[in-house]
Amino acid sequence: MVKYAVHVAGREVEVAFDPRRPGCAWIDGVAVAADCQQVGSQPVFSLLVDGRAYELVVQDVPGEGLRIGVGGALYDVAVEDERARELARLAGRRGEAGGETPVKAPMPGLVVSVAVSPGDEVAAHQRLLILEAMKMENELRAPRAGRVRAVHVGPGEKVEQGRLLVVLD
Amino acid sequence: MKTPFKKVLIANRGEIAVRIIRACRQLGLGTVAVYSEADRQALHVRLADEAFCVGPPPARQSYLRGEALVEIARRSAAEAVHPGYGFLAENAAFAQMVREAGLVFVGPAPDSIALMGDKVRARRAARAAGVPVVPGTDGEVSDVAEAAAVAGAIGYPILLKAAAGGGGKGMRVVRAPEDLASAFQLASSEAHGAFGHGGLYVERRLEGVRHIEFQVIGDRYGNVVHLGERECSIQRRLQKLVEEAPSTALDDALRERMGQAAVAAARAAQYENAGTVEFLLDADRTFYFLEMNTRLQVEHPVTELVTGLDLVAMQLRVAAGEPLGLRQDDVRLRGWAIECRISAEDPANSFLPSIGTVGPLREPSGPGVRVDSALYHGLAVSLYYDPLLAKVIVWAADRPTAIRRMRQALGEFRIGGVHTTIPFHLRLLDLPEFRMGAVDTAFLEERFAPADGEPRDAGVVALLAALLTDERRQRRQAALAATVDGPASSGWRARGWRETLRRW
Numbered sequence: 003m004v005k006y007a008v009h010v011a012g013r014e015v016e017v018a019f020d021p022r023r024p025g026c027a028w029i030d031g032v033a034v035a036a037d038c039q040q041v042g043s044q045p046v047f048s049l050l051v052d053g054r055a056y057e058l059v060v061q062d063v064p065g066e067g068l069r070i071g072v073g074g075a076l077y078d079v080a081v082e083d084e085r086a087r088e089l090a091r092l093a094g095r096r097g098e099a100g101g102e103t104p105v106k107a108p109m110p111g112l113v114v115s116v117a118v119s120p121g122d123e124v125a126a127h128q129r130l131l132i133l134e135a136m137k138m139e140n141e142l143r144a145p146r147a148g149r150v151r152a153v154h155v156g157p158g159e160k161v162e163q164g165r166l167l168v169v170l171d
Numbered sequence: 098m099k100t101p102f103k104k105v106l107i108a109n110r111g112e113i114a115v116r117i118i119r120a121c122r123q124l125g126l127g128t129v130a131v132y133s134e135a136d137r138q139a140l141h142v143r144l145a146d147e148a149f150c151v152g153p154p155p156a157r158q159s160y161l162r163g164e165a166l167v168e169i170a171r172r173s174a175a176e177a178v179h180p181g182y183g184f185l186a187e188n189a190a191f192a193q194m195v196r197e198a199g200l201v202f203v204g205p206a207p208d209s210i211a212l213m214g215d216k217v218r219a220r221r222a223a224r225a226a227g228v229p230v231v232p233g234t235d236g237e238v239s240d241v242a243e244a245a246a247v248a249g250a251i252g253y254p255i256l257l258k259a260a261a262g263g264g265g266k267g268m269r270v271v272r273a274p275e276d277l278a279s280a281f282q283l284a285s286s287e288a289h290g291a292f293g294h295g296g297l298y299v300e301r302r303l304e305g306v307r308h309i310e311f312q313v314i315g316d317r318y319g320n321v322v323h324l325g326e327r328e329c330s331i332q333r334r335l336q337k338l339v340e341e342a343p344s345t346a347l348d349d350a351l352r353e354r355m356g357q358a359a360v361a362a363a364r365a366a367q368y369e370n371a372g373t374v375e376f377l378l379d380a381d382r383t384f385y386f387l388e389m390n391t392r393l394q395v396e397h398p399v400t401e402l403v404t405g406l407d408l409v410a411m412q413l414r415v416a417a418g419e420p421l422g423l424r425q426d427d428v429r430l431r432g433w434a435i436e437c438r439i440s441a442e443d444p445a446n447s448f449l450p451s452i453g454t455v456g457p458l459r460e461p462s463g464p465g466v467r468v469d470s471a472l473y474h475g476l477a478v479s480l481y482y483d484p485l486l487a488k489v490i491v492w493a494a495d496r497p498t499a500i501r502r503m504r505q506a507l508g509e510f511r512i513g514g515v516h517t518t519i520p521f522h523l524r525l526l527d528l529p530e531f532r533m534g535a536v537d538t539a540f541l542e543e544r545f546a547p548a549d550g551e552p553r554d555a556g557v558v559a560l561l562a563a564l565l566t567d568e569r570r571q572r573r574q575a576a577l578a579a580t581v582d583g584p585a586s587s588g589w590r591a592r593g594w595r596e597t598l599r600r601w
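Keeping their order, the protein sequence lines are chains X and C.
Position in the first sequence (first residue = 1) + 2 = my numbering.
Position in the second sequence (first residue = 1) + 97 = my numbering.
If we strip away everything but chain X, and leave its shape as in the complex, we get (with noise of 0.2 Å):
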C-alpha cells in the first residue's frame, strides 16, 4: 500500500492505493472504484470514480507542484509521500497543512499598501495586501486563516512575479 498526503484547496486528503490491485484507491479513508487513463499524449486525463466520470487537465508549475483543472476550476496541488512526511514528523517540523503557508506574488506588480503585520492574527479571505498591476488594484488575501509570521514588502515596492509576500503560520 502506498499513501500519499495532498495539499488541494486549503486542506490535506489522504489518497492510498496499492500498485498491485489496479483499479482501488482510498480517498480519506473511503474506498473508490477508479480508473485512469490519459488522452493520447495530452495531459489530459478521464477518471472515472465509481463510475462518476471526471475529466481533468495537469499542468507542472516548476518547484510547487502540479495544477490541475476540473469542472472549470483550478487547483493548485502539492504531493507529499508518507515517508517523507513521517521524516518531517520526526524532524519536529508540523505538517504543510499545519505548517507556514507563503503568499508569492501572482503577478508583477506594485505594492500599494500592506494591511497586516507579523503576529497579526488574519481569518480566511482576509485582505493581505493591495497590489497593483496594469492599472488595476488588486486584493490579495489570506488563503487560510492564521498568524503572519513574516511580511517581506512594503508600500511602493515593485514585485516581480512569485516574490515572497507575506508568510502566515
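For the record, the hints were derived by calculation from the structure and aren't laboratory data.
A few of these clues could be false.
Straight-line alpha carbon distances no greater than 20 Å define the calculated DMTMM-like cross-link-like pairs of lysine to aspartate or glutamate that follow [stated by the list, open to error]:
id	chain 1	residue 1	chain 2	residue 2
1	X	Lys5	C	Glu568
2	C	Lys266	X	Glu139
3	C	Lys266	C	Glu542
4	X	Lys5	X	Glu16
5	C	Lys337	X	Glu141
6	C	Lys266	X	Glu141
7	C	Lys266	X	Glu134
8	C	Lys337	X	Asp62
9	X	Lys5	X	Glu84
10	X	Lys106	C	Asp443
Once you have looked at the hints, place chain C on chain X.
What follows is chain C alone, placed relative to chain X:
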C-alpha cells in the same frame, strides 16, 4: 457587397478581432490584422489574410499607436479601419486621423464620438433631446468645495465621475460628506492618469437600479433604429460579467419608451453606425440616461441572437454607405440569449488576474451555443491586455432553457493552465435571485458571497495528483536502476509513466 472598400484593417486583438475577421470574410472583404510582439501567434494573426507588427507588447506602444495603424493600412492597401472595442474605438482623434488618410472608419463620425465621449456634454445633449438624465451637475465641478455643495443639494450617496472617462476608471461612490475630499482626489488623479484629464462631475448615486442598455444603429441617411435592450446588471467594480437579452424587467410598453429615448439620444449625436445607449432603471420603472458608447460592445452577440442580425456586418455595410434597410417595425425579438464573459481571473481569489499558458482546451458547442474566443492551446496570458479570453453565448426559446443551456455549455468548457471565471458563472446560474431575474447592479458586490467551504472535486484532484506522483517516482527509480545496472534490468517500469498510468 458593393463597397468603396475591399480590404479592412482590424485595429484590435483577441476575440473581437477574430469576430470582425469572420464578418469581413462573409462579406467577401479582405482582412489585415495587426499584432504586438506579444501576439505574434495569436488567433487573429493566423486567421487574417495579412498581418503586420505594430510594436512592442504594451498597448501604448502598439494597439494604441494611431499613426502606426494608419501607416499599416496605407502600406497594405486597406481602405477601411474597424476599431473593435477598447483601445482606439472611442478616440475621436483616431477616427479623424483615419478619415484624413482617406480611409473609411467603421464607426460613427469623430464629432459624435467626441460629443458622447465628453460625459458632461453628452448629458446636456440627452437632456436637450428630452431624454431623462440622472440628477447631478450640469458641468464639471472645479474643486472639492463645489462638489460638496452639489452633493449637499442632491443628497448622498453620490458618484464622482471622470468627465472624459468610461469603463469605471476615475469613478468613486461617496456615501458621506467626510469621505468626499479623499475620494475627489483619488478619482481626479485616476482620471488624469487614464484619460489625461482630471475633470470630474457629480451625479446622484442611484441604488437598487438595473443597468439596461439599448443597441442602436444608424446610417448616413438619417435612419436610426434600436435593436432592443440588454440586461447588464451583473457587474463587479463596474465591469460587466453576464449580459442577457431581453431583460426580465421590461415589458413591451417600457421597451418602446426606452427604445424611443435611445433613438432620440442617438439622433441628438447625429449618430451613424452601431452604438449603445446605457440607462439606469429603478424599481419604479423610471429610467435615466447614463451614457452612450460609440462603438460595438463586448456583449453585442446577445442582441444578434435575439434579433437574428449580424451587427458587425451591418456596421461594415453602413460604413460603406449602404442604407440600413431596416425599419423599427422590422425588428423582432425572439427567444432569450445570455452571455458569460470568460476571463483569466480567479473568482476564488478576489478575481485576481491569472497569468500563465493555456493548456489543453475544449470549447463548448451544441444546439444554441456560440463561442466567440481567442483561445488556443499555448496562448500565453499576460498582464498587457484585458483578461477576457472568450465569451460563451447561448440562445433558447425562453429564459429557463437558456440558463440550463449555459450550464451545459460551461460544464463542457475545459481550459487548462489558467484560472478562469467559469466557476463563478456556474455558481451564479444556480442562485435563486439570478434564476428569477431579480438582480440589480449592487447584487454581485453586496449579496453574492464568494464560494467557501469544501470544493466538490478536491478528492478526485487529490487522487490524480497521487497517481501521477507515484508514477513519476517509479519512473525516477527505474531510470536510476538503469544507470546503475545497465538498461537490461529496468524491467516493466522503463516503459514509462504514461503507459503504466494508462494501464492503471
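Hint by hint, here is what the structure shows:
no.	hint	verdict
1	X/Lys5 / C/Glu568	holds (13 Å)
2	C/Lys266 / X/Glu139	holds (11 Å)
3	C/Lys266 / C/Glu542	holds (17 Å)
4	X/Lys5 / X/Glu16	holds (7 Å)
5	C/Lys337 / X/Glu141	holds (19 Å)
6	C/Lys266 / X/Glu141	holds (17 Å)
7	C/Lys266 / X/Glu134	holds (14 Å)
8	C/Lys337 / X/Asp62	violated (33 Å)
9	X/Lys5 / X/Glu84	holds (6 Å)
10	X/Lys106 / C/Asp443	holds (15 Å)
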